[in-house]
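Enquirer: Each chain, written out:
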Amino acid sequence: MTYTPTEMMTVAAARALKNEDVCFVGIGLPSAACNLARLTHAPRIKLIYESGTLGTKPEVLPLSIGDGELCETALTTVSVPEIFRYWLQGGRISVGFLGGAQVDRFANLNSTVIGPYAKPKVRLPGSGGATEIATGCGQIFIIMRQGARSFVKQLDFLTSLGHGRTGRERRDLGFKTKGPALLVSDLCILRPDPETSEMMVTSLHPGISREQVVEATGWPMRFAEEVTETVPPGKDELEVLRDLLARTAKAHGSAEGHE
Amino acid sequence: MTYTPTEMMTVAAARALKNEDVCFVGIGLPSAACNLARLTHAPRIKLIYESGTLGTKPEVLPLSIGDGELCETALTTVSVPEIFRYWLQGGRISVGFLGGAQVDRFANLNSTVIGPYAKPKVRLPGSGGATEIATGCGQIFIIMRQGARSFVKQLDFLTSLGHGRTGRERRDLGFKTKGPALLVSDLCILRPDPETSEMMVTSLHPGISREQVVEATGWPMRFAEEVTETVPPGKDELEVLRDLLARTAKAHGSAEGHE
Amino acid sequence: MEFLTLQNAISEYVKDGDQVALEGFTHLIPFAAGHEIIRQGRRDLTLIRMTPDLIYDQMIGMGLARRLIFSWGGNPGVGSLHRFRDAVERGWPQPLEIVEHSHAAMANAYDAGAAGLPCAFFRGYRGSDLPSVNPDIRFVHCPFSGEELTCIPSLRPDVTIIHAQKADRAGNVLIEGIIGVQKEAVLAARRAVVTVEEIVDDFGPRSSNAVILPEWTLSAVVLAPNGAHPSYAHGYYSRDNAFYIAWDDIAREREKFQEWMRENVLR
Amino acid sequence: MEFLTLQNAISEYVKDGDQVALEGFTHLIPFAAGHEIIRQGRRDLTLIRMTPDLIYDQMIGMGLARRLIFSWGGNPGVGSLHRFRDAVERGWPQPLEIVEHSHAAMANAYDAGAAGLPCAFFRGYRGSDLPSVNPDIRFVHCPFSGEELTCIPSLRPDVTIIHAQKADRAGNVLIEGIIGVQKEAVLAARRAVVTVEEIVDDFGPRSSNAVILPEWTLSAVVLAPNGAHPSYAHGYYSRDNAFYIAWDDIAREREKFQEWMRENVLR
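Chains as they are written, first to last, in our numbering: chain A, 1064 to 1322; chain B, 1064 to 1322; chain C, 3 to 269; chain D, 3 to 269.
Read the hints as simulated data drawn from the structure, not as lab findings. Any given hint might turn out to be false.
What the hints assert, rightly or not - Taking lysine-lysine pairs in the DSS-like style, the calculated list, with each CA pair at most 25 Å apart, reads:
1. Lys1184(A) <-> Lys168(C)
2. Lys1239(B) <-> Lys1081(B)
3. Lys258(D) <-> Lys1184(B)
4. Lys1313(A) <-> Lys1298(A)
5. Lys1120(B) <-> Lys1182(B)
6. Lys1239(A) <-> Lys1184(A)
7. Lys1182(B) <-> Lys1216(B)
8. Lys1298(A) <-> Lys1120(A)
9. Lys1298(A) <-> Lys1081(A)
10. Lys168(C) <-> Lys1120(B)
11. Lys1120(A) <-> Lys258(D)
12. Lys1216(B) <-> Lys1184(B)
To be verified - Residues of chain D placed beyond 12 Å of chain C at every Cβ, according to the derived structure:
13. Ser147
14. Glu149
15. Arg208
16. Pro216
17. Val267
Fair warning: this is a prediction, and the values are worked out from it, not measured in the lab. Ideal Cβ placement from N, Cα and C applies to all residues, glycine included.
All chains, please: the whole structure from these sequences, using the hints.
Expert: In structure tokens, the structure reads:
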């Protein structure tokens, strides 16, 4: 069964989630991955959106972080200060999903500006919940399309701490949380080197060469000793994902729904 | 119509409350006074109990600060942290009612211990909400039975700040709230001297002599230049109060209900 | 609390130069009130919102704002807020000073404002570049554990405006669904205006812990049915996601934006 | 979360020497759980409660407590807690170390614990003698306004036990009415046990903002009908005010108290 790179990326991210996880979900690809996991191998996963919805089970993916669907299908809905104070800062979240316009080799993220902050070439939306999600969740999964402009040697701005600019800052600041443990792109899967915390390719998606990955990376990409091939999306995974996206597109009156 | 000293005290306190007031109500006499005001001249007064009930209209007086009656007749009920953070500390309360085992000439209150703190002769319940009610409400009304053991020269412990041990501490600490503006006893009504903040008798209840008040006070009691006689409880005030206490006693299966 | 028309509420309670917070976290965004502010041509406003959203994109594009305090400036699920970007990137129609925070920081700052505190203490920003561009972000130590904590000034808007489902005849306001930071934003503000979908005699049977703002915490209550569109009102109408998608094209070019505002807001 | 009998929940989750919080602000006080702790003879407990109430009067009188963290130690509307007084005034049945706070302080300390912070910042205690007898009360300055604020350690009990109206089959817990500090006390604790009036298939139609503790925040849920008596459960039974009044006489004398406990709790 044929599939798109985005589908491969979404499925690979979904597979990393477990029934026991309590997930802080962002809109877009993370929302697709988390709900795909919930609708396939992890029916008991708990999804939390920063709009305050606890244990939500949306039928269609939200366009916004606060769509009514999230509240109507939630166990309950609390205030936004409570979500950030009792639930995120309180250490109740096991996995936080993040993305951004730029990521560096130590999985630090930029979602603030391209160019200088005072005079940006592109003003991006900014942190939202990301800055504290990055440090408050048990571990962080990053899901991003890979390219030389997004996988950069040097971030224009560090919005959300990964492992730090040298890979040591997170440890030095004394965080008990793991930080970025997984980065899934449309080309491959990366995990941090246990020693240096530099993200290394541990799995290539089917049909993707090391050269393609190197070309799509703004720093000299490292590969793990053993690089496996990502298991392609299964028929059931694709069917559930496509149904979900079709329902979503129909609901939002757009071709892409959550994109 | 004859009446008891307690009834005089309760009625006098009730009269000081206005429709516009938002009251932080304690159990016992304050609760009786606030609800008497609500059932007579101040039907629009807002009553808040520290158990989290906003705008409550109890049919019978609560025995405890958290009786179900308070919640069932409230506009809504919030958490206890919210009551103290958003409502009291947030500056939303115009009048706080307090009492205690001991009061001094500057209307500081002791509800903690009789005797030394480390080895108390009598261990009293303690602050409860009082310490922050004393400083957080727009003004404080105190309602207490008067006697040489309760109106003392020197507090064994200062639980709740009135105007301070010398009458200047409240001002020096920079509080914007007024502090004790009224003290109603079973003998008289006291208000602070605008200069020294010492509580002075401004009104004697009918039939009470200056000598009786002096005898029932542990410090040389001062009298205002003009001391009036408290208007005795009216027929309607007494009927409403007695009905309320009768309903209450019946509901709690005790002779005294709220006492 | 007084019941007012939208026009009178805005003219009485929103002044030039005010710090204004129109809150509503995706849900219950007070668009009708924002449009009235635009029609009345307020100037030099400091706009406060966690997510500026389309309503601030419109107010910024119409030149009402001198300053923006925010934490996420995008079109949710769609992309950029083009008017916000044009103001920050090219100073059109006028330069926009930004005070940038994270969601956690804004939520804590509203909470601290509602609690009457001068500042909020939380665990945030560590390892991020944001403190280097926002001097309002300081760090203090817990006197017991020694842990470094983050401290920012509380938010105390001159006026907060929110939209809610219902008011009763007394002017008490009931909010349901995604409640966001509305209660905190109202309690943190000097003045508060609430637009509502409907005014009912009585809220009737309800949870004893329903989210209700007592009338004595509000300056004015305004009947404004559909007042949150294209945002939504839980139990009344759903989010107009198609419009949020369409806004991307409407707001991309200055002229098209201005024409749309003339046609749909100003007249 | 696991569904357990009361006996198994207490033996598994309450250990000698633990910091234990049985919360419930007048409403929903977990008496049944407290009685089971007494039957199992736990020792050296640090008891945490804003209002010790009759349940801690009983636990203190039975010699379970080494230390008490509290803010109001009376019998509401009745008078003294005689067992508490006997322990503090005469060290019977054993000396009781007290850590004394105000309600505002305790509420803020639970809130800070739930928020994962090491300490709570609020405006309190100024002008009172309490800071002179409680070294845990410190003062810090707001870095922006310079205002002096109060700082106390957050409460992080080893185990919190509360009583609630309902659990569903998954173990989620619904609380209604006077909710007190129960949610904060549970989220601040390392372990949490909830006793409930009933277990239902599904909570059914409810406010979208109902106060619910997800099962994954709890260690154990226990079916314990009438488990709050003589306190009450909103919607199930009301407060036994007559018993609270009668307790004054039962607890006044050591022998009468011990006999009552033997007759009504131990057997």
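Enquirer: Let me make sure I understand: some of the numbered hints might not hold for this structure. Which ones are they, in numerical order?
Expert: Hint check: 1, 5, 6, 11, 13, 14 and 15 fail, others pass.
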